[in-house]
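**Student:** In order, the protein sequence lines correspond to chains A and B.
Each residue of the first sequence is one higher than the one before, counting from 1 in this note's numbering.
Each residue of the second sequence is one higher than the one before, counting from 654 in this note's numbering.
There's no promise every hint is true.
[Unchecked claim] Restraint-style ranges between C-beta atoms, simulated for each label pair:
1. A:476 - B:1280: 57 to 63 Å
2. B:1222 - A:509: 41 to 47 Å
3. A:579 - B:1236: 31 to 37 Å
4. B:1160 - A:579: 50 to 56 Å
No lab work stands behind these hints, which were simulated from the structure alone.
If you're wondering where the values come from, they're calculated on a predicted model, not measured in any experiment.
By construction, the Cβ of each residue, glycine as well, lies at the ideal position given by its N, Cα and C atoms.
Read off the chains here:
Protein chains: 2
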Amino acid sequence: MARRDVCVTDPIWKRYKELVRKEMIPYQWAVLNDSIDIAIERERNDASIPNEKSHAIANFKIAAGLEKGDHYGWVFQDSDVYKWLEAVSYSLSDTWDDELKTLADGVVELISKAQQPDGYIGTYFTIKCPERRYMRLAESHELYCMGHLLEALVAYKLATGSELAMDVAEKVAAHLCDTFGPEEGKYHFADGHEEIEIGLMKLYHITGTEKYRDLAEYFLKVRGDSPKEWSRLKSMDKGGNILGVSAEAMKYDQTHLPVEEQDTAEGHAVRLVYMCTAMADVAKASGNKEFEKACKKIWRNIVDKRMFITGGIGSTVLGESFTLDYDLPNDTMYCETCASIGLIFFAKQMLNLERNSEYADVMERALYNTALSGMALDGKHFFYVNPLEVVPEKGKLDPTKSHVKSVRPQWLGCACCPPNLARLITSVEDYIYSVFDDAVLVNLFIASDMSLEDKGKKISIRQKTDYPRSGKVLFEIENKEETDVTIGIRLPGWRDEVKGSIDGSAVKITEKCGYWYVQFPKGEHSILLDMEIKPKRWYANLNVSEDIHKVAVARGPQVYCVEGKDNGDGLHKLVLRKDSQLTDHFEEELLGGVSVVEGDGERLVWGGSDAASSSLYTCRPEYKKEAVKIRFIPYNTWGNRGENEMRVWITEE
Amino acid sequence: MARRDVCVTDPIWKRYKELVRKEMIPYQWAVLNDSIDIAIERERNDASIPNEKSHAIANFKIAAGLEKGDHYGWVFQDSDVYKWLEAVSYSLSDTWDDELKTLADGVVELISKAQQPDGYIGTYFTIKCPERRYMRLAESHELYCMGHLLEALVAYKLATGSELAMDVAEKVAAHLCDTFGPEEGKYHFADGHEEIEIGLMKLYHITGTEKYRDLAEYFLKVRGDSPKEWSRLKSMDKGGNILGVSAEAMKYDQTHLPVEEQDTAEGHAVRLVYMCTAMADVAKASGNKEFEKACKKIWRNIVDKRMFITGGIGSTVLGESFTLDYDLPNDTMYCETCASIGLIFFAKQMLNLERNSEYADVMERALYNTALSGMALDGKHFFYVNPLEVVPEKGKLDPTKSHVKSVRPQWLGCACCPPNLARLITSVEDYIYSVFDDAVLVNLFIASDMSLEDKGKKISIRQKTDYPRSGKVLFEIENKEETDVTIGIRLPGWRDEVKGSIDGSAVKITEKCGYWYVQFPKGEHSILLDMEIKPKRWYANLNVSEDIHKVAVARGPQVYCVEGKDNGDGLHKLVLRKDSQLTDHFEEELLGGVSVVEGDGERLVWGGSDAASSSLYTCRPEYKKEAVKIRFIPYNTWGNRGENEMRVWITEE
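My request is simple: use the sequences and hints to build the entire structure.
**Tutor:** Put into C-alpha cells, the structure is as follows:
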C-alpha cells in the first residue's frame, strides 16, 4: 500500500507532522549546510557529540568535485542527508511545498554527482581513501549509508515521481549486486551496521527486481561468516587496510552467529532491530522459513525478557546494547529513541508474517511512549536516551549516568535520533493498516482517511476518534466492489471491557489472535469499537529485580510517570496505596492537553529526632507517612516543564 | 607509640598476618621481579590491568645504572616496591626473618643507588625523561611515590634500625625542601595524588625535624592554587613539557578549592582520604585550626552522607570517585579496598584531634567490612571493588558493571590494593590504642599485649577476647608507676546492653564521647567489658533511594549479607519479615569459623498460570510467598565459595 493512500486527520498527529515540516526539516537543513551553530553539549563521556559542525552537504560537494576540501564528521555523516531527504519525501506527500521540492531536487542532483562511475556512493572513502573502500566494512558504515540512501530515494520517487532518484538508486543497487554475493570474485561479508538490507527490500518492493531481494537475503545469510572472512582477508593483507574484528565486536554487530541461529537479542539495539526488520521482510518475500523462525525467537526474547515497559530497548550505555534477560535498570539503561523506532519497523514486518495483535501492541507501546518521548512538545529538543527514572543531579555528578539527561537537549552532533523521528512521524500512516489478500488489519487507532485499490479490493475507511484520550473509535467503511471485504480490528492487549456495534447495532465481539474480524458486502457501513480506557496498574515479572515491589501506571497505550513538578522531588519516597482507586481527568492546558491520573498514596518523611533524621544508618528509624495525592502524567510528555525528577516505577504497598 | 609495643595474640588476626608473611610478601616479591606470570584478566574496560609484567625491580636497576633497558609499567610503578618494603618492615617487627631482612636490605641499597645526586628518586623520569621531572606533577605521581618511599623507610628504620634507610629518606626530604615551598625560585604546586604529605609527617614524627612538617603543610596549602600555577607555567612553556589541567581534573584530585575551604568529599576517593589523613596529622602537629575544621566538615560529609554501610566509599567507577550526597548505589559503586584503608588512616588521625568514639566506630566499620572483604580467606585473591549487591551475570554482560567481580581475582596488574592491605594487616596493632598525655584510649578490641613507656607512663595492657565472636573483653592492666593512669575504653556506637566490672566488681559504666574512662593507681587491675553482641537490623536514611524499604543485618561491627550459596540465587525475591527474630550461632567449619545469622522470611514465587509467569508485564500478578529461613554471613567472607549472587540490603516487610 502506498502511503499516500492514508491521510491522517487526527489533530495531535497533524501537529507533530507540522512541527516536523515547519521546525525540524528547515532546522536540519540549516545544520546540514553549517549555517547554524550546533548547540554542543560539552559534557564528558558524551561520545555522541564530538563534532562541532555537520559539513554533510559540503562533503557531497567535495566528493562531487564541485568544491575543494577534506571530509569532516562521522564516517556515516552522509546518512544525515539521506534521512532528511526521506522525511522531506513523506512531508511532501502530506503537504506539497514547491520550495521544499526544489531544495530536495537539488539534493538528489548533488547525490547523483557524488555517485562514482561504478555506482558507489560514499563521501568519506571517495574523498579520503578510495583504496580502502569496503576494506573496513565492519566499522565503515558504507552500506549502512547506502541503505538509508535507497530508503530515501524510494520515498522521494513515491512522493514526487523523480526519475533521477530511481536512476541513482538502481545504479547503487546494480553496483552492490556486482560487488557482493556468493559468487567467486565478489566480497563475502556484510556491513557492521545493518540497514542496506532494508533499503534493498524497499527498492525491491517498488521495482519487483528479485536480485535486490536476493542480495538483501545474501547480506543477512553471510553475516555470521563475516568475521571469518575478515580474518582470512586480514591474513593476506599487506597494506594495513583490513581491520580485525574482536569477539566482543561480533556480538555487538550480530556477527557472532549465523542469523538463522540467533535466538536472543544481542548487541547494539538499533542494529539488532534493523537486522530483524530486514530478516522478517525477506522471510515474507522469499519464503525463508529459517529467517521467520529466527525473527520469532528474537521477538519473544525481546518482548518476554528484554523490553522496558515503555517499549524502550537497550539495557546499557556501553555499546548501547542489550545485556541479559530481565536486566532492565530504570536509571542507567540506554533506551535509545532510534532503537524503539527500529522496534516499530520490526513489529510492522512481523505483522506481515503473522496476524497477531501482539506485534501491533508492541508497535503502539514503542510509538506512544519511547518514540514520542524522544521529542519535546516544541519539536525542537530531543532525547537520545529515554530513562524510566531520573534524578537530575545524578546525571550531572555521576559520570556513569552522564548519558541520562533530565531535559531534552537541542539538535545533537550525532544526529541519528531526530531525523529518524522525523521520518517516523511523517510516515505514521504507514503503520495504521496491514493489507492482505483476504483482509485489511487495523493496527493503530488514529483519526484518518484511507482509500485502497489493491489486490482486487476497492475500499475506503475513515477512522473517527480522539484516541487515546478516549477508547471510542468509529470506522466508516465503504466497500466499492461486489466482493465482500474483511476488516480485522485490533483488540489491544491492555484492554478491559470492549463493546462493539456494526451499522448501529450492538454485536458480540469475537477475537482471533487479537483481532476482531468483520466481513462487509458492497456499500457503506460503520463499526464502533468502544474500549473503556481507564488507568491501570502494571507489574513486572518477578525476575526483574529493579521493579520488584513496584507498580507502573498506564492508561490505554500510554505508560504514565510521576514528575517532581507535580509530586515534589524525592520521588522514591512515594508509596502508591494498593487499595486506592486510580482516577483520571483531562487537562486541556497541561502539556498540550493530557489525561492526568491520580491515586492516593503516602510520602515517607522522617518523624524522629533531628539526630535520627540526619544519621545515615540507624537501628531506630522513625518515619511517618504523610497522605498525598499522587499525580501521574503520560511518560511521553515528561521533561517539558524544566529540570526535575521523574519515575515510572513507584513503590506500592 | 612505636608499633612494636603492641603484639597481637588474636588467632584470627595472627592468621591474617601469617598469610601476608607466607603468601603475599613472597608472591609480591616474585611479581616485582617478573619471576611469576601475572594472572591477567583480559576483560574489557578493566583499565586497571594493562600491564603483563611488573618490571618494578628492573626499573630500579636501570635507573641505578646497574642494567640497561627502558622503563616499563605505570608511572607510579615504584610505589609497588615501597609498599612491599613497608609490609616487610611491619612483618619483621612481628616475626623476625633473617632471609627476608637480607632481601629487604638489598632493596634499600638498590633504592639508594637509584637515588640521584640531588636526592630525587623516581625511575620513570630518571630513565625516560629527566627534563620533565616535576613538569607533569598533576599526573606523574612522583611525589606520591616518594611519599610511599618515606613511609616504607621510616617503617624499615623502626623495624631494623637501618641507617641507610634513614639516609635515603633524609636526602629525599631535603631535596623536596629545596625544591618546593613558598620561596621564590621553588615550585609552587602539589602532586596530583596526595601521599607525600603522609610520608613527610611520618618522617617528622620520628626525626622531629620541623621543616618536614612544614613542607607537608605547604603541599596541602598550595593544593588549591596548583591549577593556576600550572596554567601560568603552561603559558610560558615552549617545549610542550607542561600539561594543562581541566576543571574536572581539579575536582578529581581535590585542587578545585583551597583545602581549608573544602567541606564535602569530592573526587577520587583514595586521594581524598589520603589528603585528609595528612591534613588531620598536620593540624595536630602544627595547631592548624583551619585544617582541623576542614577535616571535621569533610568527615561529617562522608559519614553522614557518602559512606556505604560497609565503610566503603566512592560511589562511581568513573574516576573511582565520590558523586553526591546520599548517592549510594549498591551494584555500580566502586568502594575500592584502598579507599577504605585510607578512611581508616583518616579516622586514626581524627582520634588524635578529638577523643570521640565515632572515629573509632568508622575505623572498625571500614576495617571489619570493606578492608577485610578485599582479601580472600586463602590470602591469595583480592577485590579492588567491594560491591554490596552482585549478580555475576550482570558483571559479565553489562560493561558498565564490568568492574564488579563476583569472585576475587588473583594478583592484579595495577597492584595497589593487595600491598595496601598487606601493610594494614601487618600493622593492625597501630590502630588499637591512641595514647595521650593524660589517657590511653582503647579503640579496637583485638586480643593483644601492649606495653608502654611514654610520656611519664609505664603500663601494660593485655586484652583477652574472641571479639567479634563475643563481646566480652577482659583487660589485664599493670600500672608500673606511682602516678595514676586513665584508660578510656570505647563503647561502640552499635552497642545495646553493656556491663562492666573492675577488679571483679560490677560497676556502672559512665560514658564521655563514646569512651568509658577508668582511672588506676599503681598495681595490677582488671576491667571486664561485657557487650551483648546480637544480630541487629539497620536502616538507611530515607534520602538513600537505593535502600528504601530495605534492611541490612549486622552483628557487632560486622555487616552481614545473603549469598546465593545459602539462599538460592534471585536474592531480590527474598523478604525478611519485620516481626521475625534474628538468631545467631557459630559455625566452626564455615568460612574459617563465623557466626551465622538467621531470620524468618519469604521468597516471592509465581503462583499463577504459565502465561502469567512468563509474561514480562501483567496487570494480574499471581505470586505467592514461600516461607524461608534466610541465612546471613559476614560481608567480609562473601565470595569465598565460588561464583554466586550476594546482597547486603534486602527487602523487609
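**Student:** If a hint holds in the structure, say so; if it does not, say that too.
**Tutor:** Going through the hints against the structure:
no.: 1; hint: A:476 - B:1280: 57 to 63 Å; verdict: 59 Å, holds
no.: 2; hint: B:1222 - A:509: 41 to 47 Å; verdict: 44 Å, holds
no.: 3; hint: A:579 - B:1236: 31 to 37 Å; verdict: 35 Å, holds
no.: 4; hint: B:1160 - A:579: 50 to 56 Å; verdict: 55 Å, holds
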